[in-house]
Amino acid sequence: MKVLIFVTSMIVASNLSMAQTFDSRYVQSQIIPYEGETYSIVDMSRKDNRVKVKYFAAKDYNGTSVQERFASWSRSKNIILYSSGTYMTKCDASIALPDGLCIDTGEMVNNEFSNKFGGIVIVQATGGVVASSLKERNLNIVMSDNTSKTVDLNNSFDRSVFYSWAEQMDATVFQTHLLYYKNQSMVFSNSSPEKAKRRFLVVGKDEDGVVHHYVVYLYADNTLKDATDKVVKFIKNRRDIEDIVFIINLDTGCQDVYKVWNGKGGVRSEVEYKGKTPFDNAANLLVYYFE
Amino acid sequence: MNIYKFVSAILVFILALILYLVVRVDYFDGVPTAPRNTGPASPESIVLFINGANDSNLVSKFSYEKYIQNRSEINIASLKNDIKVIDSIFPLNRLQNKRILSNALTDSLFKEKKNLFKDYQPDELISLIQWAEQFGYYANMDPENEILFLSIRDFWFSKIANGLATFSLDESSVKYDFKFRYLKTRLSEYGYHFGPRVTSLEKVIYNLIDSNWSHLFEASWNQASDLQKALFFILFIVTIYAYYLLLIKLLSFRKTK
Numbered sequence: 001m002k003v004l005i006f007v008t009s010m011i012v013a014s015n016l017s018m019a020q021t022f023d024s025r026y027v028q029s030q031i032i033p034y035e036g037e038t039y040s041i042v043d044m045s046r047k048d049n050r051v052k053v054k055y056f057a058a059k060d061y062n063g064t065s066v067q068e069r070f071a072s073w074s075r076s077k078n079i080i081l082y083s084s085g086t087y088m089t090k091c092d093a094s095i096a097l098p099d100g101l102c103i104d105t106g107e108m109v110n111n112e113f114s115n116k117f118g119g120i121v122i123v124q125a126t127g128g129v130v131a132s133s134l135k136e137r138n139l140n141i142v143m144s145d146n147t148s149k150t151v152d153l154n155n156s157f158d159r160s161v162f163y164s165w166a167e168q169m170d171a172t173v174f175q176t177h178l179l180y181y182k183n184q185s186m187v188f189s190n191s192s193p194e195k196a197k198r199r200f201l202v203v204g205k206d207e208d209g210v211v212h213h214y215v216v217y218l219y220a221d222n223t224l225k226d227a228t229d230k231v232v233k234f235i236k237n238r239r240d241i242e243d244i245v246f247i248i249n250l251d252t253g254c255q256d257v258y259k260v261w262n263g264k265g266g267v268r269s270e271v272e273y274k275g276k277t278p279f280d281n282a283a284n285l286l287v288y289y290f291e
Numbered sequence: 001m002n003i004y005k006f007v008s009a010i011l012v013f014i015l016a017l018i019l020y021l022v023v024r025v026d027y028f029d030g031v032p033t034a035p036r037n038t039g040p041a042s043p044e045s046i047v048l049f050i051n052g053a054n055d056s057n058l059v060s061k062f063s064y065e066k067y068i069q070n071r072s073e074i075n076i077a078s079l080k081n082d083i084k085v086i087d088s089i090f091p092l093n094r095l096q097n098k099r100i101l102s103n104a105l106t107d108s109l110f111k112e113k114k115n116l117f118k119d120y121q122p123d124e125l126i127s128l129i130q131w132a133e134q135f136g137y138y139a140n141m142d143p144e145n146e147i148l149f150l151s152i153r154d155f156w157f158s159k160i161a162n163g164l165a166t167f168s169l170d171e172s173s174v175k176y177d178f179k180f181r182y183l184k185t186r187l188s189e190y191g192y193h194f195g196p197r198v199t200s201l202e203k204v205i206y207n208l209i210d211s212n213w214s215h216l217f218e219a220s221w222n223q224a225s226d227l228q229k230a231l232f233f234i235l236f237i238v239t240i241y242a243y244y245l246l247l248i249k250l251l252s253f254r255k256t257k
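Chains as they are written, first to last, in my numbering: chain E, 1 to 291; chain H, 1 to 257.
Bear in mind the hints are in silico, worked out from the structure with no lab data behind them. Predicted model only: the values in this text are computed from it and were never measured. Here a beta-carbon is modelled for each residue, glycine too, at the ideal position from N, C-alpha and C. Heads up, some of the hints might be wrong.
To be verified - Partial selection, computed: residues in chain H whose CB lies under 7 Å from chain E:
no., residue
1, Arg99
2, Asp154
3, Phe155
4, Gly191
To be verified - Computed from the model, here is a short list of chain E residues facing chain H with C-beta under 8 Å:
no., residue
5, Thr89
6, Ser94
7, Leu97
8, Met108
9, Asn111
10, Glu112
11, Ser156
12, Arg159
13, Val161
All chains should be built: construct the whole structure from the sequences, respecting the hints.
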């Protein structure tokens with residue numbers, strides 16, 4: 001009898017730990033209508049470093065898929081959300097690779113430094129994420145001896161230095177479209193007229209200097225330029241964020257994977273919190289979790 | 001009978017079109033032979049291009065273009081000699097010395113070769129890959145200068161990958177050419193992957209093959225203009241009405257039988 005109670009309580013405990021709970025002081029998800037559009041947002045405060053980021057860029061060198069890597073990594077984690085990350089070279093997730101330069105936990109995934117993408121994103125092993133504009137040519141990295149170095153990734157010699165740094169620091173790096181950077185739009189007015197649902201990662205600072213990460217899903221079809229302008233206006237007016245550090249695009253094309261938990265053990269079931277692509281077809285994953 | 005002839009003519013036309021699209025792809029598989037390693041070259045000493053620079057201004061004062069123009073053939077023997085000479089002049093800044101040579105064999109050399117990337121010239125690009133990949137082998141054999149050699153290979157491989165992606169943007173059908181696919185595969189061997197442009201028609205075909213019906217419908221619907229949506233609606237109604245008439249005819253035919 002005692003053994004039965006023990007085993008049952010272990011099963012219940014393990015289910016609770018898989019229930020994905022997190023503090024609403026740090027994470028809030030809402031659907032907000034604003035100026036004729038509907039925005040689903042997940043607002044995550046980086047205060048106290050409770051909210052962290054993990055990026056699974058591709059299958060690893062052993063051929064372990066992104067899904068398997070996520071499953072084994074997430075067993076002891078409180079997941080807030082996962083979303084598709086950057087673009088892929090093909091629509092078939094089983095053979096697709098990330099488009100543009102990509103390093104996953106220090107391992108090179110794609111060497112190709114693409115001239116299509118103006119942004120470079122670094123997901124740190126500590127759970128933070130930073131983005132930089134390649135046009136600025138001044139990416140700051142901290143070496144293993146704590147010295148600081150500035151590299152221009154447009155220069156192949158500097159890229160080689162950067163690759164060594166990424167390998168030493170187990171960094172995860174990917175290229176993507178940088179839509180907004182240091183409070184300036186990076187999208188040209190003559191950019192693609194194609195309309196689609198848009199999902200962005202917005203990083204900004206509130207008036208107290210606390211960094212917030214927002215995953216914003218603009219559910220109606222918009223061009224990239226219109227969506228960027230609308231999201232900027234929405235974040236500034238409805239979230240009182242004046243300092244937007246960067247906005248990057250998350251893939252909603254071939255691999256539109258998106259899932260959000262409600263922090264009480266359940267999943268947000270609204271269509272604005274779900275992607276069209278099943279999780280099994282994800283080729284990469286941007287994951288937010290709570291510690 | 002006339003309707004059957006008409007339908008047959010349409011089918012023959014479609015088959016002929018498919019055959020034309022298939023055969024117009026360039027299947028020719030003759031690729032340039034890889035260059036042979038020649039003996040040591042004897043160009044001018046690298047000292048001539050330093051221009052009296054010192055440690056602090058070497059990067060900006062070095063004569064990259066003249067250095068490249070002076071070296072009609074860049075091979076490992078001349079390069080290693082250059083490294084040895086410049087390291088003897090600036091022994092405290094070996095990393096910077098490597099940067100000089102890297103800049104020369106990447107950005108400066110690119111100015112000489114940029115015409116290769118204006119139009120699709122697969123043979124030239126294959127020769128360039130064959131030249132650039134040697135630097136990977138040099139890196140394996142010379143770890144001290146690995147960063148220099150790998151930066152040179154990385155520059156050219158990325159340039160070729162970006163170039164091919166651009167060519168496929170200009171002319172989508174080029175990605176089916178044998179030499180394009182050969183170049184893409186060669187780059188993939190070294191971990192340089194890119195996605196050639198896919199046209200809307202090709203996306204439809206791929207989604208049909210993968211049975212992505214919901215994505216197919218949604219993407220088509222999102223990209224369609226109001227006029228296209230209206231035409232689609234009319235066509236849909238006409239098709240349903242045609243099937244309705246066919247059903248009525250079939251039922252009345254059965255009754256009379």
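Do the hints match the structure? See the list:
Nearest Cβ of chain E to the Cβ of Arg99(H): about 5 Å, under the 7 Å cut. The hint holds. The restraint placing Asp154(H) at the interface with chain E holds, with a minimum CB-CB distance near 5 Å, inside the 7 Å limit. For Phe155(H), the interface hint holds, the least distance from its beta-carbon to any beta-carbon of chain E being 4 Å, beneath 7 Å. Residue-level restraint check for Gly191(H) holds (minimum Cβ-Cβ distance to chain E is 4 Å; threshold 7 Å).
With 8 Å as the threshold, the beta carbon of Thr89(E) comes within range of chain H, its nearest partner Cβ sitting at about 4 Å, so the hint holds. Against a cut-off of 8 Å between C-beta atoms, the interface hint on Ser94(E) is violated, since the closest Cβ of chain H lies about 11 Å away. Given hint, Leu97(E) at the interface with chain H, holds; its Cβ is 5 Å from that chain's nearest Cβ, closer than 8 Å. Proximity of Met108(E) to chain H holds as hinted, the smallest CB-CB distance being about 6 Å (cut-off 8 Å).
Checking Asn111(E) against chain H by beta carbon gives a least distance of about 4 Å; that is within 8 Å, so the hint holds. Nearest Cβ of chain H to the Cβ of Glu112(E): about 4 Å, under the 8 Å cut. The hint holds. Against a cut-off of 8 Å between C-beta atoms, the interface hint on Ser156(E) holds, since the closest Cβ of chain H lies about 4 Å away. Interface hint at Arg159(E): satisfied, since its Cβ lies 6 Å from the closest Cβ of chain H, which is below the 8 Å cut-off.
Nearest Cβ of chain H to the Cβ of Val161(E): about 7 Å, under the 8 Å cut. The hint holds.
In this structure, only the earlier hint numbered 6 is contradicted, and the remaining ones agree with it.
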